[in-house]
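K.L.:
So the chains spell out like this:
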Amino acid sequence: MHVRFWGVRGSVASPGRDTVVYGGNTACLELRLNGSDRVIIIDAGSGIRSLGAHLIRTRSAPIEAEIFLTHTHWDHIMGFPFFDPIYRPNTRLKVYGPITYEEDTLDRIVGDQLSYRYFPVRHSELSAAISYHQLREEEMRFGDGLRIKTKYLNHSLLCLGYRFEYDGKVLCTGYDTEPFQNVFSDDPASPGYDPVVCEEGARAVADANKALLDFFRDADILIHDAQYTLREYSAGKSGWGHSPMEHAIQTAIAAGVRKVVLFHHDPDRRDAELQALESKFRAAQPSGAPEILVAREGMQLSA
Amino acid sequence: MGYQKTMTPEERLAIIQRYIAKMPPLPATVTKVMAICNDPNATPADLNKIISLDPVLMGKVLRLINSAYYGLVQEITSLVRAIIMLGINTVKNLVLSTAVLSTLGNRRNFQALNMDDFWRHSLSVGVASKLIARKRGAPRNRLEEYFIAGLLHDLGKIPLNNRFSQDYQEVIHRSRSDALPLHVAEKASFGIDHADVGRLITDNWQLGADISDTLFFHHTLEGVAGDNREIIHSVALANYYVNVKGLGFSGNCCPQPVRAENFSGLDITLDYLESVEQEVKSEIERALVFLRVAG
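In order, the protein sequences belong to chains B and D.
Residue numbers for the first sequence follow our numbering, so the first one is 1 and each next one is one higher.
Residue numbers for the second sequence follow our numbering, so the first one is 304 and each next one is one higher.
Everything labelled a hint here was simulated from the structure, so no lab data went into it.
Every residue gets a Cβ at the ideal spot worked out from N, C-alpha and C, and that includes glycine.
Some hints here could point you the wrong way.
Stated by the list, open to error - Simulated DEER-style distance windows between Cβ atoms:
{"#": "1", "chain 1": "B", "residue 1": "Asn209", "chain 2": "D", "residue 2": "Arg437", "range": "38 to 46 angstroms"}
{"#": "2", "chain 1": "B", "residue 1": "Pro188", "chain 2": "D", "residue 2": "Ser370", "range": "47 to 55 angstroms"}
{"#": "3", "chain 1": "B", "residue 1": "Pro188", "chain 2": "D", "residue 2": "Gly362", "range": "25 to 33 angstroms"}
{"#": "4", "chain 1": "D", "residue 1": "Glu582", "chain 2": "B", "residue 2": "Arg59", "range": "40 to 48 angstroms"}
{"#": "5", "chain 1": "D", "residue 1": "Glu582", "chain 2": "B", "residue 2": "Asp167", "range": "45 to 53 angstroms"}
{"#": "6", "chain 1": "D", "residue 1": "Gly362", "chain 2": "B", "residue 2": "Asn209", "range": "25 to 33 angstroms"}
{"#": "7", "chain 1": "D", "residue 1": "Asp574", "chain 2": "B", "residue 2": "Tyr116", "range": "19 to 27 angstroms"}
{"#": "8", "chain 1": "D", "residue 1": "Asn396", "chain 2": "B", "residue 2": "Arg147", "range": "25 to 33 angstroms"}
{"#": "9", "chain 1": "B", "residue 1": "Ser131", "chain 2": "D", "residue 2": "Tyr372", "range": "16 to 24 angstroms"}
{"#": "10", "chain 1": "D", "residue 1": "Arg437", "chain 2": "B", "residue 2": "Asp218", "range": "46 to 54 angstroms"}
{"#": "11", "chain 1": "D", "residue 1": "Gly362", "chain 2": "B", "residue 2": "Glu199", "range": "20 to 28 angstroms"}
Between the sequences and the hints, there should be enough to build the whole structure, so can you do that?
P.N.:
Right, here's the structure in full:
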């Protein structure tokens, strides 16, 4: 399995002189399988625009691709109208992703970006054949021996982590997420305090965090949310749905992961900071621990 | 209940009152659930506490969470767990919809009327009432009241339909053949109509005056004044629109046209209602998953 990073930023695209090294585009990954021509794309953030151009430039055959959305927050779908293959008549796309009950269907959530109020072309005018498929927490066989498992993460909107298994190798995504936390107070002085509820909450948190570790277990590559530092997270970002980098690394260690990629960088995170953090974390890793990488646009990894 | 055309209006009233006294008391929970779910400052503990007071509601919510809709690998066995794993916003929405829609979704209550059609009609009026309120700039915290008032406006038909099912079929038939609005046909046959019965229920449940007045006055708008005038007129308009569009069916083959002054008073045009038809329809489709669970 080979993964290429076309967008590594979270929240909003952030071009500028402070992001030229790691890149300013939002989430988009390209996954390729050994011995297969399939194009698998994870998320359609602004990075998908360059991926589209690359596909058109390098492929002579019509483009067929599967896009797996982790969730439908804007930074993960905003690039879709700029994905050039959707304007080519021979393109065939399958778009997979989760939806929350209260929302519209997936084709509306993603496709409505292509309506006149936002964009000069309407979804119904696209030349490509595009189909949409809702995903839940499930385990699927996707042909050629590819297996995909999904799991709900801890984010403000239902968000899926993916586990791709192919040819004995495993790649997992763990974004957008933060550690599950007991939202029921353990302070007897708080107004809604209930010891039974608090205990049940603590058990639920332990189970949920363990289930997530099992989901990432023994992955060759884990691409994990790392929007904040632990200091930032502790100073008011807890509950925002993103992880501190230290948590991503601890998760990788606990799950026996080989390589952990810190991903979904905060739009304000400058290159110099990321370089310093990368050096710091790597220096602190004992031997035998997972290799730590900071995601950057254009980076390619193989499992 | 058999064929009892010979009963006096007093006898019928007594039967209806006995039925209403036995209707399950849901509203206290529903109104509190709505208040909590619409309060952005409500804590997970508040939500859990209010749901825990109603084991039936709790059961339905958990059933929905564990349904194929989410496909969860691990079964979620408590609301606390659901809040931690799915997040408070998801759970709030589930609870709100389940609480409101499971209110009357018992098939035993439906005989002459088709339950699915009745609910589709009621939901459509609820959704359309809320859209009218939104268009008119009603405060956000009052929008759910418009929805509930619209949803429940025909509540009075349930006891009539249940206790006098055979007669009620005739009443519906008569409404069609004589081109009478249903409530007029009800009054002619029973001496009491669904507006009267609706008020008896809301009195028993101690629902607010806005909902109670809507149930009582939604076919007799003349002379309605005071604080609840807007909500009553909005529901009446929504009801007319939904009947004309044939969204669901609640037995009324001959809806009374709403007079022009109601439109001008509300500052809403039929064009506006036409423009939200798609929105009403898609809201209903979304609610269907809950109808299935509630049944």
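K.L.:
All the hints need checking, so say for each whether the structure fits it.
P.N.:
Here is what the structure says about each hint:
1. B:Asn209 x D:Arg437: 38 to 46 angstroms: holds (41 angstroms)
2. B:Pro188 x D:Ser370: 47 to 55 angstroms: violated (36 angstroms)
3. B:Pro188 x D:Gly362: 25 to 33 angstroms: For Pro188 of chain B and Gly362 of chain D the Cβ distance comes to about 30 angstroms; the hint holds.
4. D:Glu582 x B:Arg59: 40 to 48 angstroms: holds (41 angstroms)
5. D:Glu582 x B:Asp167: 45 to 53 angstroms: holds (48 angstroms)
6. D:Gly362 x B:Asn209: 25 to 33 angstroms: Cβ of Gly362 of chain D to Cβ of Asn209 of chain B: about 27 angstroms, so the range 25 to 33 angstroms holds.
7. D:Asp574 x B:Tyr116: 19 to 27 angstroms: The hinted range 19 to 27 angstroms holds for Asp574 of chain D and Tyr116 of chain B, with Cβ atoms some 20 angstroms apart.
8. D:Asn396 x B:Arg147: 25 to 33 angstroms: holds (32 angstroms)
9. B:Ser131 x D:Tyr372: 16 to 24 angstroms: holds (21 angstroms)
10. D:Arg437 x B:Asp218: 46 to 54 angstroms: holds (52 angstroms)
11. D:Gly362 x B:Glu199: 20 to 28 angstroms: Holds, since Gly362 of chain D and Glu199 of chain B (Cβ atoms, about 22 angstroms apart) stay within the stated range.
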